[in-house]
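Colleague: Listed in order, the protein sequences are those of chains A and B.
Using full-length UniProt numbering, read the first sequence as starting at 1 and increasing by one per residue.
Using full-length UniProt numbering, read the second sequence as starting at 1 and increasing by one per residue.
Misleading hints may appear alongside valid ones.
[As the list claims (entries may be wrong)] Covered stretches of chain A, going by a simulated chain B footprint (3 or more residues, C-beta under 8 angstroms): (1) 13 to 27; (2) 59 to 66; (3) 85 to 98; (4) 122 to 130; (5) 181 to 188; (6) 237 to 245.
[Stated by the list, open to error] Not the full set, but computed from the structure, chain A residues with beta-carbon under 10 angstroms of chain B: (7) Arg30; (8) Val47; (9) Val52; (10) Thr54; (11) Val56; (12) Val169; (13) Ser171; (14) Ile220.
[To be verified] Stretches of chain B that chain A covers, calculated by requiring three or more beta carbons in the stretch to come under 8 angstroms of a beta carbon on chain A: (15) 3 to 15; (16) 18 to 30; (17) 60 to 69; (18) 177 to 190.
Read the hints as simulated data drawn from the structure, not as lab findings.
Quick reminder that beta carbons are idealized off the backbone N, C-alpha and C, glycines included.
Residue-level listing of the chains:
Protein chains: 2
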Amino acid sequence: MNPTACILVIGNEILSGRTQDANVQFLARRLGQLGISLREVRVIPDVSETIVGTIVELRARYDHLLTTGGIGPTHDDITSACVAEAFGVPWEIHPDSFAKLEAYMAPGSFNAARQRMAMLPRGATPIDNPVSVAPGYSIGNVHVMAGVPRIMRAMFENLAPSLAGGRPVVSLAWHADGMLEGAIAEGLEAIQRRMPAVEIGSYPYERPDRRGVSLVSKGIDADAVAEAGVAVRALIAELGYTPVQGEPPSAQPGAAAGTAGS
Amino acid sequence: MNPTACILVIGNEILSGRTQDANVQFLARRLGQLGISLREVRVIPDVSETIVGTIVELRARYDHLLTTGGIGPTHDDITSACVAEAFGVPWEIHPDSFAKLEAYMAPGSFNAARQRMAMLPRGATPIDNPVSVAPGYSIGNVHVMAGVPRIMRAMFENLAPSLAGGRPVVSLAWHADGMLEGAIAEGLEAIQRRMPAVEIGSYPYERPDRRGVSLVSKGIDADAVAEAGVAVRALIAELGYTPVQGEPPSAQPGAAAGTAGS
């Protein structure tokens, strides 16, 4: 079994709809590549009691808990104090991080708000931030990162080598224009029953110039995934559609904008 | 107190990173406009036990639980069977929905897979689907919608009039190019302390041609929000930056692509 993970997105701006999350998809893909199975994503508000309780709950349930958001210098950045509380340890100046931030800031500008970014839960290991110095950190199985996507990504790449991974997830897509889910459902279910170790998903797509269905086989056993792909391809052809390997062209993240048929 | 809500996104394709969620931001905004307070978002996989347990947990915790995904015709669409199990009721043909779908489908094509889309938990009230007929539904405080964004949006607009709302959330943004969070943090916190009924958030932005911080005051008391806006504006000016009302131009959803300063 691959290790499991959960992403905890901390931020009112996602729950109000002000901001579109831009971190989950990146992390989901990278975790899959590392052989870590992402099992859940939660988005919660900047409310201390909620953050503390959720961290306690989720870090017990999953091998890794990754958080994004709430580690900046303003009053609404309360993640780190909550992580410390969840672990029952002091939230205190981390001398090395303090020195790095002080050196980075313009003389006289390293005020109390900015010094908060050098405070970590006791026992945490900093994650370097090559963009703006203020660190993320790991404590136990909890990995705390910034919410700003460019910083989060840089932090994750610094964190990744220390994450114990498993076998990478392999996936294989076949699609066919004009195909409808309702036409292929029965045959697809038969393949899924025959190959329980492979996860077979059915995803309709709609582009300005085409619509159809993409069928994705996924798993950690590359041979089984390949075998499922052969079966999926044959099913598409048998039903009179033209199977094409891969996702449909011009598939953009988020572009699954609708379908009218099933 | 406004009614509370949680969004439950059901789908392996989000957790694998294959698909960028395109529903949460829409629902978050619409719920805010209706005076319903979105408190949590969860993304979970297409695993029966997980779906049932999560529905039981969340519908007890929030006034409304909205789900997206997993109500199509293929084997990986298991949401409805799980909702029925969570409510302890049969999952059965809904005659009116069956008749509508049968009339919509080409003669001879209304097969077993498609007939599953006419099965609802007993006691559910259908939500019309003007795009592809197969309905969503409400049962108790759980509102079940498609995952395809175009269909989900149409379903939500049909559902919205039946949701008991509260006072709409009002928000007011001021931003300033060149401003850094670390410079404004202390003054901002003082405003937040003075005005606990307003939620004041600080959001750095970075555009190709500008970077700065956006300060958002939000709440259901429009007068208090306006008063907070005046204080925020004054603070920005006092610190030597030029306050501009609204979000920074060219703010795109998801464009909070990074910031180097704090």
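Colleague: Give a verdict on every hint.
Modeller: Each hint tested on the structure:
Figure legend: the segment 13 to 27 of chain A, annotated as covered by chain B; annotation consistent (14 residues with Cβ-Cβ distances under 8 angstroms, at least 3 required). With 0 residues carrying a beta carbon less than 8 angstroms from a beta carbon of chain B, the segment 59 to 66 of chain A misses the three-residue requirement, and the given coverage is violated. With 0 residues carrying a beta carbon less than 8 angstroms from a beta carbon of chain B, the segment 85 to 98 of chain A misses the three-residue requirement, and the given coverage is violated. Check result for the segment 122 to 130 of chain A against chain B: violated, 0 residues qualifying (beta carbon to beta carbon below 8 angstroms, three or more required).
Three residues within the 8 angstroms Cβ limit are the bar, and the segment 181 to 188 of chain A against chain B gives 7, so the coverage statement holds. Using a Cβ-Cβ cut-off of 8 angstroms, 0 residues of the segment 237 to 245 of chain A lie near chain B, which falls short of the minimum of three, so the contact claim is violated. Interface restraint check for Arg30 of chain A: the shortest CB-CB distance to chain B comes to about 8 angstroms, inside 10 angstroms, so the restraint holds. Hint status for Val47 of chain A: holds, given a least beta-carbon distance of 9 angstroms to chain B, under 10 angstroms.
For Val52 of chain A, the interface hint is violated, the least distance from its beta-carbon to any beta-carbon of chain B being 15 angstroms, above 10 angstroms. Checking Thr54 of chain A against chain B by beta carbon gives a least distance of about 9 angstroms; that is within 10 angstroms, so the hint holds. Checking Val56 of chain A against chain B: minimum C-beta separation of about 16 angstroms lies over 10 angstroms; hint violated. Hint status for Val169 of chain A: holds, given a least beta-carbon distance of 7 angstroms to chain B, under 10 angstroms.
For Ser171 of chain A, the interface hint holds, since its Cβ comes within 10 angstroms of a Cβ in chain B; the closest pair sits about 7 angstroms apart. With 10 angstroms as the threshold, the beta carbon of Ile220 of chain A stays out of range of chain B, its nearest partner Cβ sitting at about 12 angstroms, so the hint is violated. For the segment 3 to 15 of chain B, the proposed coverage by chain A is satisfied: 5 residues have a C-beta within less than 8 angstroms of a C-beta in that chain, meeting the threshold of three. For the segment 18 to 30 of chain B, the stated coverage by chain A holds: 12 residues have a C-beta nearer than 8 angstroms to a C-beta of that chain, and at least 3 were required.
Under a criterion of three residues with beta carbons nearer than 8 angstroms to beta carbons of chain A, the stated coverage of the segment 60 to 69 of chain B fails, only 0 such residues being counted. Counting residues of the segment 177 to 190 of chain B whose CB lies closer than 8 angstroms to any CB of chain A gives 8, which reaches the minimum of 3, so the coverage claim holds.
In summary, the numbered hints that this structure violates are 2, 3, 4, 6, 9, 11, 14 and 17.
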